[in-house]
Amino acid sequence: MPTCLYNQDFMKVSTIKRILIANRGEIAVRIMRTAHVMGIECVAIRTDSEPAAMYLDHADLIFNLSEETSEIPVFLDVDRLIEIAVTTGCDALHPGYGFLAENAYFAQKCIENKINFIGPSPDAIYKMGNKTVARRIALANGVPMAMGSPGNISDEEEALKHAAKIGYPVIIKAASGGGGRGMRIVRHPDEMEKMFNLASREAEKAFNDPSVFIEKYIENPKHIEFQILGDKDGNVIHLGERECSIQRKHQKLLEEAPSSALDQELRTKMGDIAVTIAKAVGYYSAGTVEFLLDSDKNFYFMEMNTRIQVEHPVTEEITGVDLIEQQIRVARGEALSMKQEDVRLTGWAIECRINAEDVQAGFAPAPGKIEKLSFPEYDFIRVETGVRNGSSIAANFDSMIAKLIVTGKTRSEAIINTKKALDKVWIKGTKTTLPFFRMLVRNKKFHSGDFTTAFIEKDLEQFHRNSEYEELIAAWLATKLFADENLQNKNGSVDFEQGKEMNPWLLNKRINRF
Amino acid sequence: MDINSKNFRSYLERDEALKQQYNSDRANKQHSKGKLTAYERISLLYDEGTFEEIDAFVTPADQGIEFGKVEKSFGDGVIVGHGKIDGRLVFVYAQDFTIMGGSLGTVHARKIGKIQEMALKMGAPIIALIDSGGARIQEGIASLSGYATIFSNIIQSSGIIPQISVIMGPAAGGAVYSPALTDWVFMTSHTSYMFVTGPNVVKEVLNEDVSSEELGGAEIHARKSGVAHMIYEDEENTIIALRKFLTYLPSNNVENPPVTVYDNSTPDINEKLREIVPDDPNKAYDVREVINLVIDRNSFFETSDLYAQNIITGFARLKGKTIGIVANQPKVLAGVLDIDSSIKGARFIRFCDAFNIPLLTFEDVPGFLPGMDQEHSGIIRNGAKLLFAYSEATVPRITVILRKAYGGAYIVMNSKGLGGDFNFAWPSAEIAVMGPDGAVAILYRRELAESPDPVALKKELVKTYREKVANPFIADEKGYIDEVIDPAVTRKKLISAFEALNNKWVKVPSRKHANMPL
Amino acid sequence: MTPTFKPEIKELHALNQDNDLFTFELPLVNKIKIGNHEYTIELREDDVYGVHVMWKKRRYPVDIVRVKQNRYEILFNDISYTFTIETPFSLERKKVLSKNTGKNDKLIIRAPMPGKIVEVPVREGSEVKNGEPVIVLEAMKMQNEILSSVNGTVLKIAVKAGQNVMKDDVLAEVTVKE
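Residue numbers (the numbering used here), protein chains in the order written: chain A, 1 to 514; chain B, 1 to 518; chain C, 1 to 178.
Any given hint could turn out to be false.
Heads up, simulated DSBU-like pairs for lysine-lysine below, C-alpha to C-alpha not over 35 Å straight-line [said to hold, decoys possible]:
no. : chain 1 : residue 1 : chain 2 : residue 2
1   : A       : Lys109    : B       : Lys458
2   : A       : Lys500    : B       : Lys244
3   : B       : Lys114    : A       : Lys500
By construction, these hints were calculated from the structure, which means they are not laboratory data.
Note that this is a predicted model, so its numbers are computed, not measured.
Same shape as in the complex, but just chain A (with noise of 0.2 Å):
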């Protein structure tokens, strides 16, 4: 795609009045929360599969979608979002995170139709959505990366070429897309033709794009990220930071905020680069550069994901920044208003993401409806959440029940803190990776920060222990039930007398007919 034109004066624009929320759960609360305290009025819509959830209580004005059933789900349909922002009188839209966020066609068609897209522009978007573009610009402004492809890689051969000059181990990924698919570790060059069509086939389902390209892989890493800021003057810093190795399957469980692995001289170096990658790119709002850190503190760029992240809170903890609020001044066109030395990062966060899913079935998504919620009212607290008391979580949309963030002035302290939460989160109606929590906030590894992306994946066992009284009360809990239901006498709950009692109208005709 070429560089989009955008009009520059549009992106000067003094006043946002009204955003579109095209978004739904947790992040549609945050989003509509800030804009509240700004003054500024939003429009949530409402969708069938969800019609009573709790972000529509927070909108100024809600979008009903009528009768349709369309091809698309409407968070993921452009045309439909832009007639519904131009109709309900929107001048900016905020696309959240998954989604149309960092689609850059979206973007630009908001641009075109006068609303202002609450995020970076299409360009940015473009380039660092697309892993080889990406890859590219990075090494052209001296970004340390793995050592991989210089762009897509058509086949087996080319693939092996490439491989036998990086050194094996390799990975393919996906040049489209992330979070795991379209990704395969190739050990050895025998393997090669069978992983490369096989990222490469999960890659086009998944991302409608079958290229794929080819990078060192590296054992056991680190999973560091950056959060950057930009304005649309060109400033570019950044906010410390996260940690986010706490992985399962490429899905992140629970985040921090700083890393225990940086000291000041690494987390300097990193900032920088990353500030350097987004200014490369002309990046304004907010963005995350992610890194890879091995054992030997050296790091690689991986890539910019060009949105506001899930994890954003634990940033937002250490640093007093309101990231959300931040986004919409650079959307109005205000120029940042701290500078890379301005930023301090003090204390420590700890995000635990609280999901519907069946930890001792493998994380399996457990749909189903909340019946209790409640969270402790710590003031080391901070509650994310889109449900409550008689939410669905439905099988549709994301299994998040809610973000946990924690704070302490130190890790260890964030840590106890984070575990007096947990203790005393309730919920009830549904199966939740609670437990799994509570197990990793206890669990040595843990504590020491000495873990990498591995760390779940192979000590997953041990996080399925319990207190040895807990099964035993819930065994006397079955076998009252099966006592009560089976053993007791009931004797009086049922009266067959009741049943010949008849008037003489029905008895007279069904004894006569015989």
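Position chains B and C against the provided structure of chain A, taking the given hints into account.
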């Protein structure tokens, strides 16, 4: 009489001898196979201290046995008697596998016949606990004749008193017909089996190697043949379930079913009912969710749950009163009707009709299962069974159409024309000759072929069809549906509807019996 | 005089999925013994917390996930446990039966009707439980989940997404693991 007198002492001695016969050796023989003895089963089944045995001391007759030997034991391998289950009179015969393999000899058969006659005279249910090797070879044709009498008695009582068989061991050859003739068959997994011809003969004649379990185990009969209606992991659970099952049934065909203490915990109005049927007509849901919200809490006893799962049958309670439920299950095979589900439904309906149990039908059926397989196997004949059963039933019959109700299947599922007493529909109901896609394709074939954008046109037409033809309000306005109701008030509507039908009585033409398609 | 042979049930056992046994004497009391101490356990329900258990002065959430015959799945303090409740006799019976069986059965899953394979949510080697979907088949314009009727491991997947199948075509094979 002096308790020391000779007569009384003989009485006590004989009692001792009986106790000796049923010593722990015998018990261990059964236990070592994971089975309970006949007496143990009876004690679990009946209320404490209520069981009265008859003919305990009957011994096999001294007939001219030409072949083999017959053990002279008390009781001849079967225990018969009566007692109270939850305070109600119930008759039983329980075969004892430890005596001559529980095989049926003349005396054994006579005892059973006696108790069957008694049950019929008293108008009380009779339960058969079957654990038998079959006909007693030594007694030859006399054994077979014994079976014939038993079968004949079952048929005499059929539809007059509830008859339940519980298979807790082998039941082979001719023996297998008595459960087949009774109303309900309970079976214990792993330790019981039923087949007409055993593995040995199968091996001989067909040279096929097959185990008893594969040929006629509980799983097979619950899932494939439909002969076993309820199966359980072990004997205690089987009997516990049987006791529960009995609380739904009347003692005979003149009585109304028993009423339980009703705990008021199910709300009459429940908004959750509105959320169960998805808006997308191609999405499935579990109709059990609807059932569970409408009936008294925890009162659903599903029957034949592993067989023909595209239709659900079972007993439930509304305000303590028993009703029979028939429901299409959209989660399985899209809820279509096919041969197996038609038969399952028909048999259930006829039992309810015989025993004054009102019927509640939840309908969401897109039609009959198409295909050569069904047609060649006689879906015509078998679908007709369901239709016949519904129309013939004179108990109160209520239908609630939840979603789809297309074509012949709509008629079959207790429609107004077949004599449904109250027919309700939810707003999500779609009642039509056929589904929108099929209808549009036929009626607008030419227009679609000539259209520049057939996909969009079809979408338009389908939408119009849904609005103008298939919606339930049309049927309502024409009187084919009595009322379109808010799903939330379904329970309330049903309770008042059934109350209104309390004294329903329909005169049936006098004839020997109807000729149901079989 | 009828001999009474009611197997006196003096205790009940809760058997979990790892074959651990938890034994409780009958009649059941609201107390659980741990070591030398006895603690009271109480089942309560209120509007704020729903159904919960009071134990050692703390509140624990509890839910009954599923009950089938004597099999109970309980969600206690957010962890799920599955027990079958056994009488002393049924425990004996289980032992007897497990000695006798032990053959490795194979469940062959066939298409119950003609249709198109929409999705295969498992892979060869995946573990499946009784009642879990193995294949998603579209027929009559509706998606049907074809479920495994046993606990076991997927041995073979004979079809792939997009493929059309006829009735009784073999879809998958599962080795039974009981």
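Hint check results:
no.	hint	result
1	Lys109/A with Lys458/B	30 Å, holds
2	Lys500/A with Lys244/B	19 Å, holds
3	Lys114/B with Lys500/A	26 Å, holds
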